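Chains A and B are the protein sequences, given in the same order.
Quick note: the first sequence uses numbering that gives the first Met the number 0, first residue 0, plus one each step.
Quick note: the second sequence uses numbering that gives the first Met the number 0, first residue 0, plus one each step.
Simulated from the structure, these hints should not be mistaken for laboratory data.
One or more of the hints may lead you astray.
Part of the chain A face toward chain B, derived, beta carbon under 10 Å [as the list claims (entries may be wrong)]: (1) P33; (2) E112; (3) L115; (4) L259; (5) E335.
Coverage of chain B stretches by chain A, computed from C-beta distances (three or more under 8 Å per stretch; other residues unrestricted) [stated by the list, open to error]: (6) 96 to 109; (7) 169 to 178; (8) 326 to 338; (9) 513 to 524.
Every value quoted in this text rests on a predicted model; they were computed, and no experiment measured them.
Where a beta carbon is used, it is the ideal one built from N, C-alpha and C, also for glycine.
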Amino acid sequence: MNPGPAPDRSGAPRRPAARPGPGDLPAGLELVAPRSLVREAPVARLALAPGDRPLVGSGESVVAGTPLAELARVRRAAVIPAAAVGPDAAPGSWWAGAAPRRGAARSRRGPDEGELLCRTDGSWQLAVGERGGLLEAPAAGVVRLVRPGAGISLATAGLAMAGVLATGGPVRGRLVVLADARAELSRGALDVGLAGAIVVAGSRVDAETLTRARAMGIHGVVVASVGSRDLRDLAASEARQRASLHPPAPFAVLALEGYLRQPIASPVFDLLVALVGRDVAIVDDPPGLLFERLDPPAPSPPPDLVRMRAGPAVGREGRWLGLAGRRRFASGTQLEAGLVDVGEARPLLVPLADLERFA
Amino acid sequence: MTGEPRAFLALDLGTATSSAALVGRVDGRWRLLGSTAVPSDVPIEPAIAALVAAIRTADPHLAGLVRLPVGAALADQSVLPRLVARTRPTAVLAVVAASTRQLGPLVALADRAGWRARGLAAETSDPVELTRLLLAPDVGAILVGAGERPAGAERRSLVALSRLVASAATRRPELDVVLSGASAAQAGLFASGTAGPGSNPEAAPAGSARGALLLGPALDAGEPAGEPLRALLDQLRAGDGDARAAIARATASLARVLDRRLETIEIGATAGLRVVARPGLRSAVVASAAIVPDEVDEAVLDAIGYWSTTALDRHRLRDRLRELRRVPWGDPAGEGALLRLAAARAAVGRLVASTPDLEPGASPDLVIAAGGAWAVCPGPVVGLALADLVRRPGISQYAFDHARLLAPIGMIAHEEERQDVLADLADDLLVPLGTIVIAGDVRAGRNPAGQMSVRAGLESGELDLVAGGLQLVDLPPGREATAELRFRDPVVIGARGRRFEAAVSGGLGGLLVDLRDVPLRLPERSDRRRQLLSAWQAALWPGLER
Chain A
0 MNPGPAPDRS
10 GAPRRPAARP
20 GPGDLPAGLE
30 LVAPRSLVRE
40 APVARLALAP
50 GDRPLVGSGE
60 SVVAGTPLAE
70 LARVRRAAVI
80 PAAAVGPDAA
90 PGSWWAGAAP
100 RRGAARSRRG
110 PDEGELLCRT
120 DGSWQLAVGE
130 RGGLLEAPAA
140 GVVRLVRPGA
150 GISLATAGLA
160 MAGVLATGGP
170 VRGRLVVLAD
180 ARAELSRGAL
190 DVGLAGAIVV
200 AGSRVDAETL
210 TRARAMGIHG
220 VVVASVGSRD
230 LRDLAASEAR
240 QRASLHPPAP
250 FAVLALEGYL
260 RQPIASPVFD
270 LLVALVGRDV
280 AIVDDPPGLL
290 FERLDPPAPS
300 PPPDLVRMRA
310 GPAVGREGRW
320 LGLAGRRRFA
330 SGTQLEAGLV
340 DVGEARPLLV
350 PLADLERFA
Chain B
0 MTGEPRAFLA
10 LDLGTATSSA
20 ALVGRVDGRW
30 RLLGSTAVPS
40 DVPIEPAIAA
50 LVAAIRTADP
60 HLAGLVRLPV
70 GAALADQSVL
80 PRLVARTRPT
90 AVLAVVAAST
100 RQLGPLVALA
110 DRAGWRARGL
120 AAETSDPVEL
130 TRLLLAPDVG
140 AILVGAGERP
150 AGAERRSLVA
160 LSRLVASAAT
170 RRPELDVVLS
180 GASAAQAGLF
190 ASGTAGPGSN
200 PEAAPAGSAR
210 GALLLGPALD
220 AGEPAGEPLR
230 ALLDQLRAGD
240 GDARAAIARA
250 TASLARVLDR
260 RLETIEIGAT
270 AGLRVVARPG
280 LRSAVVASAA
290 IVPDEVDEAV
300 LDAIGYWSTT
310 ALDRHRLRDR
320 LRELRRVPWG
330 DPAGEGALLR
340 LAAARAAVGR
350 LVASTPDLEP
360 GASPDLVIAA
370 GGAWAVCPGP
380 VVGLALADLV
390 RRPGISQYAF
400 DHARLLAPIG
410 MIAHEEERQD
420 VLADLADDLL
430 VPLGTIVIAG
440 DVRAGRNPAG
450 QMSVRAGLES
460 GELDLVAGGL
470 QLVDLPPGRE
480 ATAELRFRDP
490 VVIGARGRRF
500 EAAVSGGLGG
510 LLVDLRDVPL
520 RLPERSDRRR
530 QLLSAWQAAL
540 WPGLER
């Protein structure tokens with residue numbers, strides 16, 4: 000990094016401020032949005048739909064991989080006589096037991112089991128489906144709440160790296176870094192030896208690479224950004240697979256930075272590198288990567304490190320030099336700005352709203 | 000505002016940005032001393048400290064006069080009181096109806112009450128799909144919608160649907176449930192213990208209540224039809240302390256203070272707001288009029304693409320809009336500013352289309368732009384954007400709530416006190432954008448369409464009026480003038496005629512005479528449309544490099 004900015008006609012500081020010590024926040028940086036690198040003991044919400052059967056109760060401790068629920072596929076509604084269900088049954092309870100056939104269901108086999116939805120006159124409606132796999136705990140923790148048909152809240156014991164969006168989770172696997180923070184993963188880098196892994200794919204990934212990764216048995220992809228079109232194509236491919244007889248293999252995508260092409264933030268990438276070879280998990284809600292504590296912990300980024308989270312220089316990083324006051328930007332817009340040393344001859348003038356710091 | 004404060008903070012804590020304005024008592028009047036805004040994920044206290052420090056540096060005498068505190072005392076509300084308005088993220092309202100015929104209008108009504116609405120009809124969805132919707136984690140309330148007297152099959156379906164909702168309510172006891180119209184007859188399903196704790200069929204609607212059962216009017220009840228149900232849903236969403244409800248109150252108070260007809264159009268990150276005040280007060284919060292709605296569907300892309308002055312392919316546009324929704328304060332300059340303006344224009348279009356019943360009979364005297372969507376646009380462009388979409392032949396002044404004071408002032412509980420503060424702040428509250436004259440029924444191709452003379456004190460000027468065009472007369476803020484317009488053929492400016500004379504006042508955009516079509520018709524070809532929009536915009540956007 001450049002030791003200091005050149006003199007600036009616009010009134011920028013001629014000498015950089017003294018580098019702050021650990022824990023100190025350089026002047027003016029409190030007006031820049033903080034971004035948490037990791038969150039302690041995150042609560043993951045794991046989605047259930049009517050017809051899925053919870054296998055755990057609130058308050059239970061689980062380890063990573065513990066089956067939490069039996070998932071259904073090709074869900075449908077069915078009706079059974081109220082007499083087949085106990086008087087104390089409540090909506091959301093699981094009903095298991097053969098029942099006399101009734102009404103439209105007479106022509107086909109009656110349901111063996113299902114989730115009670117609603118009691119009507121003399122009968123219960125229930126959600127039934129074919130067994131479609133298990134929902135496993137993505138990390139060790141305590142089940143905080145089980146809501147049949149809605150979801151399970153799991154208070155995990157480890158840490159989480161927050162992302163912007165995730166789809167397909169939860170999945171678990173050992174972490175493999177296949178591309179640098181700024182690079183794009185090439186399809187050729189994927190092979191069956193990565194089956195079961197969660198791979199870090201750099202700055203951007205397209206739908207074809209995602210589809211190939213899923214076909215190779217890779218459990219998940221962590222990437223800086225993914226476009227709406229690629230997510231749509233992946234969803235269409237998964238829908239086609241679900242429609243076939245074979246249930247789709249678990250596969251999740253986690254975007255750490257957004258929808259627009261940009262590199263992974265360097266402190267985030269450093270942490271991912273530190274996690275290589277360890278078991279991690281992608282969860283959708285809130286989108287993030289779960290992992291166990293590192294010993295020793297990963298080093299914290301310097302307090303004056305800032306990153307451009309939006310705007311034409313999105314993804315660039317540098318050292319905070321100080322507030323620059325109200326400045327004129329492209330298209331004549333007047334904005335509060337800061338000066339950032341990005342290692343070039345002159346510091347970069349950036350709208351404060353486009354910056355983030357690591358807290 | 001009781002006691003003897005010499006200054007107070009007005010905070011508008013939005014979902015995208017937080018703003019802080021410092022108001023001080025100077026020469027016996029409340030005056031705006033300064034304001035600032037930061038992204039909502041930046042703590043507001045450092046921003047307040049920076050604002051106070053800047054004022055103290057700029058004018059130490061004034062700081063002493065209003066007894067500005069320092070350090071930790073800034074947070075002491077007995078020293079520096081605060082008026083706080085908040086906008087909360089909007090939950091989803093699950094709308095269920097017996098038939099698809101009922102569902103569409105119900106979803107539209109919920110959208111106009113500010114809810115992110117998601118709907119299913121029992122006619123086309125099975126109980127599994129319906130239950131999945133009702134139990135979705137982002138659902139905050141349920142509306143079972145129906146007319147007053149449903150037909151036989153619909154009535155039977157409504158009973159089954161109400162049972163399903165009552166069952167879901169036992170699993171999500173924190174959800175509010177609204178039974179509207181004929182579905183209210185099924186309240187017994189909930190009252191008999193099927194519903195969650197705290198359910199009370201007689202409960203008055205209250206936004207703070209959770210797990211309440213509310214009996215609402217039918218979709219077709221009231222005048223205009225559906226208004227009582229919309230008002231109930233709006234109240235349920237907003238609760239107490241809602242910033243948009245406060246903006247509506249402040250607009251009404253300001254209309255009384257100024258004795259003028261006002262219209263406020265606010266575009267924010269989670270919804271848009273339209274308020275028409277005097278006579279009476281009418282308002283609506285429209286969720287789909289957020290700068291980028293929850294769902295970036297094809298219609299949203301089309302609308303924003305229509306108003307965009309830059310060429311973007313649809314996938315890239317969708318990604319940029321999703322990014323704008325995620326980081327609404329980001330990328331505020333250059334192309335980001337142009338995209339934000341196109342998105343804001345499209346949002347105004349959705350707001351106006353959703354609120355035809357709020358259309359004032361005559362042009363309001365003053366149109367106020369508010370909300371974060373306009374924060375980084377040059378003032379004159381904001382006026383033009385509103386004139387592009389809110390097209391009424393007439394003469395109106397335009398102004399901008401630059402310091403976002405309307406919402407905090409709307410939080411003052413007592414009307415008289417609110418009016419006193421507004422009367423003091425009237426000169427500081429709004430930035431005048433100028434006066435816009437919109438003429439209707441202008442015959443195309445007959446140029447010049449007429450002449451206009453503007454007299455401001457001893458100065459006067461004359462110019463030809465161009466049919467289909469925009470003409471700008473430089474009239475700075477605070478300047479009053481008389482405009483006389485003489486047309487060759489009769490046109491409509493409030494009334495039909497050939498000669499019009501009106502008092503106009505200046506602003507950042509001066510006096511804008513708009514003889515374009517009413518409603519505005521733009522070229523179908525996107526390149527020609529972009530060219531035309533860019534040309535209009537460039538005249539009012541100093542420094543625009545396109």
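key: Coverage of the region 169 to 178 of chain B by chain A, judged on three or more residues with CB within 8 Å   = Holds: 3 residues of the region 169 to 178 of chain B have a Cβ under 8 Å from chain A.
query = Does the region 96 to 109 of chain B contain three or more residues whose Cβ lies closer than 8 Å to a Cβ of chain A?
reply = Violated: only 0 residues of the region 96 to 109 of chain B have a Cβ under 8 Å from chain A.
inquiry  = Does L259 (chain A) hold up as a contact with chain B if the rule is Cβ-Cβ below 10 Å?
reply    = holds, 5 Å
key: Closest C-beta approach of E335 (chain A) to chain B relative to 10 Å, hint status   = With a minimum Cβ separation of about 8 Å from chain B (threshold 10 Å), the hint on E335 (chain A) holds.
message = For the restraint on L115 (chain A), tell me whether the closest CB of chain B is nearer than 10 Å.
response = holds, 8 Å
message = Hint validation: E112 (chain A) versus chain B, beta carbon distance must be below 10 Å. Holds or violated?
response = violated, 15 Å
message = Cut-off 8 Å, C-beta pairs, minimum 3 residues; does the coverage of the region 326 to 338 of chain B by chain A stand?
response = Satisfied; 11 residues make the cut.
ask   = Are there three or more residues in the region 513 to 524 of chain B whose C-beta lies closer than 8 Å to some C-beta of chain A?
value = Since 0 is below three, the answer is violated.
Interface restraint verdict for P33 (chain A) against chain B (beta-carbon cut-off 10 Å) = With Cβ-Cβ at 7 Å, under 10 Å, it holds.
In the structure shown, a violation is registered for the earlier hints numbered 2, 6 and 9, in ascending order.
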